[in-house]
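Start from the sequences and build out the full structure, keeping to the hints where you can.
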Amino acid sequence: MKHVFEHPEVPATGRRYWRGLEEYAKTEEFQGWLEREFPQGAAEFWGDGVSRRNFLRLMGASMALGGLSLTGCRRPEAYIVAYTKTPEWQIPGKNLFFTSAQPRRRGALPLLVTSFDGRPTKVDGNPEHPVNQGKSDALAQASILDLYDPDRAKQYLNQGRRSNKADFDTALLRIRELAEGNGGATLAVLADETLSPTRARLRDELLRQYPQMTWCVYEPLETGNQRAAVKVAFGLEGTLVPDLLAADVVLSIGSDFLGTDEFGFKPQRDFAKRRRVEKPGDSMNRLYAVENRFTNTGMMAEHRLRLAATRHVAFAAALAREVGVADLPLAAAGGLDGVDPVWVREAAADLRDHAGRCLVLAGPDSPVELQILVLGINEALGNLGKTLRVRTSPAPGNATMDELAAKLRSGSVESLVILGGNPVFNAPAGLGFSELLGRVPTSVYLGSHENETAKAATWTVPAAHYLETWGDATAEDGSVLSIQPLILPLWNGVSQVELLAQLAGQPTPEGPALVRATFEENQGRGLSGQALDTAWTKFVHDGFWPTSSTLTTPAFQSGSAASALANLLKPAPVLSESALEVVIAPSYAVDDGRYANNGWMQEFPDPVTKLTWGNAILISPTTAKTLGLRSYMDRGIQTSDVVRVTLGGTTIEGPVLVAPGHADFSLTISAGYGAALGRVSQEGGFSAYPLRKDICCLSYPGAKVEKVGRLAKLAVTQEHQSMEGRFLVREAPLSEFNKNPEFVNTMGIDSHAPKNFNFYAPPPLDSPLQWGMSIDLTTCTGCSACIIACQAENNIPIVGPEQVKNGREMHWMRVDRYFVSEDFNTDKVGPWAKADPVYAVDPEAVTQPVTCMHCENAPCETVCPVNATVHSEEGLNVMAYNRCIGTRYCANNCPYKVRRFNFFDYNKRDVLTRSDFLGIGNLYFGPLGKKGSPTAVKMQRNPNVTVRMRGVMEKCTFCVQRIEEAKIKTLVKARDSDRTLVPTDSFQTACQQACPTDAIVFGNIRDEASAVSKRKQLPHDYAMLNYLNIGPRLTYLGRIRNPNPKMPGADRVGMSSLKDVHHHGGGGYGEKPSDGKH
Amino acid sequence: MANFFPKWTLWLPLQFLVAAGVVGAGIAYGVTYYFTPKYTRVGYMPTQPVAFSHAIHVNQLGMDCRYCHTGVELSSHSNVPSTQTCMNCHTYVQAQSPKIAPIKASWTTGQPIPWIRIHKAPDYVYFNHAVHVNRGVSCYSCHGNVNQMEVVWHHEPQSMGWCLDCHRAPENHLRPLNEVYNLDWSAETPAAQREMGMQFVKEWNVNPPVNCAGCHR
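Heads up: the protein sequence lines correspond to chains U and P, in order. So the first sequence is numbered by my numbering: it starts at 1 and just counts up by one. So the second sequence is numbered by my numbering: it starts at 1 and just counts up by one.
Treat the hints as calculated values from the structure; they're not laboratory data. Ideal placement from N, C-alpha and C gives every residue a C-beta, glycine not left out. The reader is advised that the hints may include incorrect statements.
[Unchecked claim] Okay, the calculated beta carbon distance ranges per label pair: (1) U:Gly951 with P:Phe16: 39 to 47 Å; (2) U:Thr862 with P:Ala192: 41 to 49 Å; (3) U:Asp542 with P:Tyr67: 28 to 36 Å; (4) P:Thr40 with U:Ile885: 19 to 27 Å; (5) P:Asp184 with U:Lys930: 51 to 59 Å; (6) P:Pro37 with U:Asp169: 56 to 64 Å; (7) U:Ser977 with P:Met160: 25 to 33 Å; (8) U:Thr862 with P:Ala187: 56 to 64 Å; (9) U:Lys94 with P:Glu179: 23 to 31 Å; (10) U:Ser977 with P:Pro37: 30 to 38 Å.
[To be verified] Keeping only pairs whose Cα atoms sit at most 35 Å apart, straight-line, the calculated DSBU-like set for lysine-lysine is: (11) P:Lys202 with U:Lys1016; (12) U:Lys94 with P:Lys104; (13) U:Lys231 with U:Lys386; (14) P:Lys38 with U:Lys967; (15) P:Lys120 with U:Lys122; (16) P:Lys104 with U:Lys938; (17) U:Lys1014 with U:Lys755; (18) U:Lys969 with P:Lys38; (19) U:Lys973 with P:Lys120; (20) U:Lys538 with U:Lys973; (21) U:Lys739 with U:Lys1014; (22) U:Lys94 with U:Lys969; (23) P:Lys120 with U:Lys969; (24) P:Lys104 with U:Lys931; (25) U:Lys938 with U:Lys897.
[Stated by the list, open to error] A few chain U residues that don't get close to chain P, going by computed Cβ distances all over 12 Å: (26) Ala228; (27) Lys231; (28) Arg321; (29) Val344; (30) Asp766.
Next comes the structure, spelled out in structure tokens:
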């Protein structure tokens, strides 16, 4: 009789983990997801506009054509083209590492860049730098692809027509002549924020030449409110630096400090350090989050309050009252209706109990009154100087965006130089920047793409990527970083400092001359000759120049704060279904739009919504129901109503996406999509910028929503690769962990299952090297840097929005995001959006990175008919692509659903092109389709990893190329000795290397000194789906949380998977005979 | 009833069978012989753009492999020398010889010399030179007596089975590290080679990978 595996029953009631609303409502759609190896649609053609029959016809025809020309029977003649002159340091086949830095608006990221034969291929953090210690994030990882973006600006343009450098030089000379006549009154510079000391030096040089010149620094998602609040509260120019290492309790009001680059890397890493728990009795920090939408920070929080953004000020005032802030006019902020007063009171009490060891954070771009209030609260709690300090820094320019706009309006500016950014696309709509730019007689735009601004400016100069130029930048800790070129400009790009030097009338700089001059003025001051050369070489080699800390703790000026608040505070607007709030948020994927033409970032699943290729209007389930908006699965594809959002006379259209945990009567729209940068950016999403009225604010009340009467299909991956919910994520509050440190192994079936046995002989794991991985769910923030690091390292292609909808995305690593909520609803079966649902209004959220587990008794291996996937003696489940014939049996048998199949030739074919014929995607034409991806993109490929072709199964290899490289390195060193064992923790996998919170650890589990062995010794180490007896090499550390028992709902925090710990009622497994249903 | 078929037709089926057998055996032999790496690769000896003779440079002049193939001990790839390397000597030696003309042209124009590739591992195979030569596998084992070749030719099949022959029994090819680049060296007898090899396997802890990931990534 056929043996049918009976999985343990999922209890029918109680708190549950769920990924999407479909699972929550247990729709038939979702059941389909669970039972399939690949998402519905992945292995079918009906979703693609090409029927199977048509496809076979096409294939038949193309095969017949292919057969006519019997070429390729003989070996083609290939050539070895050696250098004529050998470049220094270059050994063919070996990579080189160079330090550099990625300029960012709030502190550049120190980098170590890998280069193969002159091609930069991968970007990672600089391990020597104290800020990120070798760690990076998804945006840094993806920036390498921007270098090779074929849509980058490549030529000088004048009035939209092709021009050349000589003509531009003449035009620039004329700008100089004009400015010289009036001390620069007619000259204005509008620059993005690069924090470059050299740029600052050239700015000062220009201001000496043209004292009347306007210099404005503008970043689309920076309001400048933090600087304003610091000025009011402390009377000086500077920015705030939180110290999360010293904070036991953190309360964030609308701050996503674990997500979108608000305070940098150090706070993230410090937060994780304080959160890691190894044994009972270890201390752990506690996080409260107040936010309007789920963010990475909110997902990590013990206690989360969903609150519309325009009411955050009222919350801060209420908190200030509870904390006992005197001297500030709190009454003006009005009351805080609809929020449990116990929440505020107990949170405040907890903060007071940890006075001087706690921290209240507001987002740097939140309203200025909120930030002043929060500074007042921190002052009252005695946190200033302990967990919150100020770094003084001069104001970046001599004019704000508003002042520049006024000058443009008055017509006094005759020449405008725009350095980077895309202000025509993203400047606040209230400024009417596009129209103002039209009034300027000569405008020069130095930009990376021929975007909206390039089209509006009179001159466009192609900008160089940061990997193509010499430069410098300032890190978040104030240290100066060097930027060195790894490749000559691919499209003749010019750097900002080169253009500025030209504007200042300096000769064309040779190599690093400009940066070196700045270095000599600052760090190299007092040095000369050999000593200066040595210092400079060290600066470029190390990538940074350490600086002594310049943090200060100025006195809080309550008088000035009180008078400012008296003017600013007003009661929060009333929100209703006809007066909604709109929040414009930075996108986790494309930031403010600068990554919009980056295929990796477009296909990057948003850590919270899991939306790819575009944005949506996030709305709470209750509000969606009130407004009658639908968002449901249609044949496996997220389908949503398209709505029109009207705010103060401006309308935008976009699909809604029902977001559990979102505040009611609030809409969140990710900015940055819809820019016209190139082909990729046109694939999805719409711009939120038209709704932004002015530079000060990112949230506005008073919006209306109406249905357009159309449905849109969204590429959401949240229910792809769903596994049945049997204690996949295990969590407990700290108190429970202290009582029962091994709680993870007493859950569900693991608490009472008898010891299992093997049908198959286990593979001989006889090597002293046994690879394993551990992921700490307590410190995983869900940031998904690992996904992009893996993509960059392992040559993973993008598949395009249509294929993502069909569930064919290729990411080897996924980060599952589960919502957790009360009352798993078993009665309301049926498409919830069509019937009457009970919504999951206010869930918790958990993230869990999942990649190939490298099971010791791998189920995939036993079913492969051609032995394409086999076990190595080092415990790796290896894939031999050249053996794979694409039966997909392995994926079918993988309980973790981590295998990916190349349904098409994503690497060889252009995935975004559609043919004129019925708009069918290029991929469907098989051999007749357009071949080839742009050459530039191929230059990013890692030469140590096979580029896979159609019809081949692939999956995480534990970065086997790095393992082999480490082994070979050891053997080459060993020569005729027997020291052949790879040193402990001498290399990292790509995901581990990127992970900003060190949640991922990899190494030799047979080596007791390795970090991964130590992790696996911890009491809360568990294996997912352990009862299957497949021995996964990737295990997890259970998620431990630290709720405040006095808070409302504290008894539920982290309790969900504990519910059935000691009295699991489900039946046994493997006992029942087949009932014929399977 | 008359005989419709003459008597000799009785033999036709047998003749057909024999003929089919002969033809079939021929095809089978042809396929197995001509489609093997041994036939398609071994002996491949293209005419190079420069009439470079390893025999002259190595045997006559006594140059070491690593003078030109500088990366072999360090990298996965054993590089073909840059034009610069040739010019180190040929600026002075045989500078006017017409055989050197393509090298000088490359040096003056900056156009690299298009050497024709002889040994080619497929894209999904990641062979590493450094780990072999540093652990006692001589150039000879994979490339033959290059030092005696006027024109380089493909000496070994370099198929996967051939690789595995050695990975499963490395003792047949290991030699003292100071003899790795001496292509004329060989052990006295195969038995002596085996014995010495066994000793190296033990002393050096030689354990060549035979799983897929060793070469396929």
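Taking the hints in turn, this is what the structure says about them:
| no. | hint | result |
| --- | --- | --- |
| 1 | U:Gly951 with P:Phe16: 39 to 47 Å | holds (41 Å) |
| 2 | U:Thr862 with P:Ala192: 41 to 49 Å | holds (45 Å) |
| 3 | U:Asp542 with P:Tyr67: 28 to 36 Å | holds (35 Å) |
| 4 | P:Thr40 with U:Ile885: 19 to 27 Å | holds (23 Å) |
| 5 | P:Asp184 with U:Lys930: 51 to 59 Å | holds (54 Å) |
| 6 | P:Pro37 with U:Asp169: 56 to 64 Å | holds (60 Å) |
| 7 | U:Ser977 with P:Met160: 25 to 33 Å | holds (29 Å) |
| 8 | U:Thr862 with P:Ala187: 56 to 64 Å | violated (44 Å) |
| 9 | U:Lys94 with P:Glu179: 23 to 31 Å | holds (26 Å) |
| 10 | U:Ser977 with P:Pro37: 30 to 38 Å | holds (35 Å) |
| 11 | P:Lys202 with U:Lys1016 | holds (33 Å) |
| 12 | U:Lys94 with P:Lys104 | holds (28 Å) |
| 13 | U:Lys231 with U:Lys386 | holds (20 Å) |
| 14 | P:Lys38 with U:Lys967 | holds (31 Å) |
| 15 | P:Lys120 with U:Lys122 | holds (27 Å) |
| 16 | P:Lys104 with U:Lys938 | holds (33 Å) |
| 17 | U:Lys1014 with U:Lys755 | holds (25 Å) |
| 18 | U:Lys969 with P:Lys38 | holds (32 Å) |
| 19 | U:Lys973 with P:Lys120 | holds (26 Å) |
| 20 | U:Lys538 with U:Lys973 | holds (28 Å) |
| 21 | U:Lys739 with U:Lys1014 | holds (21 Å) |
| 22 | U:Lys94 with U:Lys969 | holds (12 Å) |
| 23 | P:Lys120 with U:Lys969 | holds (23 Å) |
| 24 | P:Lys104 with U:Lys931 | violated (39 Å) |
| 25 | U:Lys938 with U:Lys897 | holds (29 Å) |
| 26 | Ala228 | holds (53 Å) |
| 27 | Lys231 | holds (55 Å) |
| 28 | Arg321 | holds (61 Å) |
| 29 | Val344 | holds (56 Å) |
| 30 | Asp766 | violated (10 Å) |
Hint compliance for this structure: hints 8, 24 and 30 are broken, all remaining hints hold.
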